[in-house]
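Q: The residues making up each chain are set out below.
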Amino acid sequence: GAGVSQSPSNKVTEKGKDVELRCDPISGHTALYWYRQSLGQGLEFLIYFQGNSAPDKSGLPSDRFSAERTGGSVSTLTIQRTQQEDSAVYLCASSLVRADTQYFGPGTRLTVL
Amino acid sequence: QQPVQSPQAVILREGEDAVINCSSSKALYSVHWYRQKHGEAPVFLMILLKGGEQKGHEKISASFNEKKQQSSLYLTASQLSYSGTYFCGTAGGSNYKLTFGKGTLLTVNP
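Chains A and B supply the protein sequences, listed in that same order.
Residues in the first sequence are numbered consecutively from 1, following this note's numbering.
Residues in the second sequence are numbered consecutively from 1, following this note's numbering.
Okay, chain B solo, but in the shape it has when bound (with noise of 0.2 Å):
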């Protein structure tokens, strides 16, 4: 079952903070997230596994409560750099078939 991604779409000045959410109906098992910009290939940000684990990458965090079987995506500090599509993917105990959301569109402006 495909994951729910919140908000659908969201645009934000430079230097303002964003949150994405990724929630699933079934147990899952890891949470991976990438990013894709217009017409290039996804590019991978960061996996968390169950167990309420946090992970950061710079300004970019995420976080994954295993429970309510949601992950959330932290971007402060946004950069023009970041605009793009997030996807989270998820799996559960096979984990390696992830099953993708439908994206959030991210723009950053000046």
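Extracted from the complex, chain A is given alone in its bound form (with noise of 0.2 Å):
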């Protein structure tokens, strides 16, 4: 079966413009999460969503992200003006349930000029 799958693979954009990035889990799959990675860094938790329960939002760095899930499958994370700081790679990953193996997809590059 098909894998999570991330649009767009890579976006530039410019500083104070606002991008959306896509994520499609696997399908059933119930748990959905967000992380950033940066150069030489590890993966960053950001959001965490389970089903219809309220998303887990701790890890956003600040209130220029955003994330929803709709009909409990399909995310879509937000960046409000973007800074150059927010350049990264964004991975979403999903999970059958909480707690189980996460599957990454092939993420995001986020470059901001």
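Keep in mind the hints are simulated off the structure, nothing from the lab.
Cβ atoms here follow ideal geometry from the backbone N, Cα and C, with glycine treated the same way.
Incorrect hints may appear among the rest.
[Unchecked claim] Each pair of labels, with its calculated beta carbon distance range:
(1) T107(B) <-> S66(A): 37 to 43 Å
(2) L113(A) <-> K68(B): 42 to 48 Å
(3) T76(A) <-> P110(B): 42 to 48 Å
(4) E16(B) <-> T78(A): 45 to 51 Å
[Claimed, not checked] Sample of chain A residues facing chain B (criterion: CB under 8 Å; computed from the structure):
(5) Y48
(6) D56
(7) F104
(8) G107
Build the complex: two chains, separate frames, hints provided.
A: Structural data, given as structure tokens:
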């Protein structure tokens, strides 16, 4: 079956613009996670969705970051008024249930000029 | 708190063994190991739960010492395909929010 997909694969934007990153999890997976990976760093947790429960937003670095998950499937991560320090690879992962193995998508490389 | 991985990088010749360590300052419920090749998504290797469990997958195995809050990944008779960056992700009681280390870059040369 298809794995986790993300789009776009690359995004170059100008400082101050808004961007939307999309994640399609594996069909049937109830848990969805967003991570950020900066050069030479590990994966930084951003947000977690589990079914219809309220998301865990504790990892979002500022109020410029938001995410939603519609219909328990596709998720969109939005960054408003992008800054250069937002440049990173944004990875999405999904798991069948909470605490299960997380399967990662290929990521979106965001570059803010 | 981010777990600490050691070493930061290691270079091997094909067939040699390596150990990658992951230490946390917090009590752990589980440790997850992933391998990421350049430009690709991290790929799951194994999960270890508290209880001193040891798991193996072909020539890659791992141990988890919950008292020491440490996990080690063992790669034996390394193959070229083992090259990549290895990350450990740790989880406390919630067991879903993984905190990842900075990674260990493993290079296997012919």
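Q: Hint by hint, note whether the structure agrees.
A: Each hint, compared with the structure:
One distance hint, 37 to 43 Å for the beta-carbon pair T107(B) and S66(A), holds here, with the actual separation near 39 Å. Distance hint check: the CB atoms of L113(A) and K68(B) are about 46 Å apart, consistent with the given range 42 to 48 Å. Between T76(A) and P110(B) the beta carbons are some 44 Å apart, a value that agrees with the proposed interval 42 to 48 Å. Distance hint check: the CB atoms of E16(B) and T78(A) are about 46 Å apart, consistent with the given range 45 to 51 Å.
Nearest Cβ of chain B to the Cβ of Y48(A): about 6 Å, under the 8 Å cut. The hint holds. The closest approach between the C-beta of D56(A) and any C-beta of chain B is roughly 7 Å, which is under the 8 Å cut-off, so the hint is satisfied. Taken as an interface hint, F104(A) checks out: its beta carbon lies about 4 Å from the nearest beta carbon of chain B, inside 8 Å. Given hint, G107(A) at the interface with chain B, holds; its Cβ is 6 Å from that chain's nearest Cβ, closer than 8 Å.
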